[in-house]
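S.K.: Sequences are here, hints too, so could you generate the full structure?
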Amino acid sequence: MLFTHPNVASVGLTERRAVEKGMKVKSRTLEMRHVPKARGIRDTRGLIKIVAEEGTEKVLGVHILGPEAAEVIHQAVFSVRSGMTVREITEKIDVYPTLSEMVKLCAQSFYKEVDRLSCCAE
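In this text, residue positions in the sequence shown follow this note's numbering: the first is 26, and each later residue adds one.
Hints were generated in silico from the structure; no laboratory data involved.
Ideal placement from N, C-alpha and C gives every residue a C-beta, glycine not left out.
Fair warning: there could be bad hints in the mix.
Claimed, not checked - Label-pair ranges, simulated between beta-carbon atoms:
no., residue 1, residue 2, range
1, PRO61, LEU27, 31 to 37 angstroms
2, ARG58, TYR136, 17 to 23 angstroms
3, VAL120, LYS46, 33 to 39 angstroms
4, GLY80, PHE28, 22 to 28 angstroms
M.R.: Below is the structure:
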């Protein structure tokens with residue numbers, strides 16, 4: 026966790042580190058402009074990236090650059106430490122609108138174009 030402005034927070038493996046360890050991975054990056062709360066507070070700087078193991082979709086790492094990343098990273102820590110899959114993250118229910126829904130939105134981007142989602146409940 027770096028208390029910069031915007032915040033930088035990370036848990037687990039980066040895509041590069043996972044590949045160096047011989048793992049096959051897939052990842053998605055979501056820009057903050059796709060997060061409704063970020064648009065609401067007029068701070069769309071940054072992004073979130075989820076790194077997952079190919080095949081199992083187990084979440085290996087989550088990396089955030091953006092407003093309140095220090096608050097959001099706790100959700101990502103739980104996902105990585107408990108061995109959640111990308112699909113399991115998409116099935117959770119988030120309060121709307123919050124910055125923490127960026128984790129779910131990024132997970133949803135593994136399966137759908139987030140520009141086409143109607144709201145957080147999809």
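S.K.: The structure should be examined with respect to each hint, and the outcome stated for every one.
M.R.: Structure-based check of each hint:
no.	hint	verdict
1	PRO61 - LEU27: 31 to 37 angstroms	violated (25 angstroms)
2	ARG58 - TYR136: 17 to 23 angstroms	holds (20 angstroms)
3	VAL120 - LYS46: 33 to 39 angstroms	holds (35 angstroms)
4	GLY80 - PHE28: 22 to 28 angstroms	violated (36 angstroms)
Of the numbered hints given earlier, the model fails hints 1, 4; all others are met.
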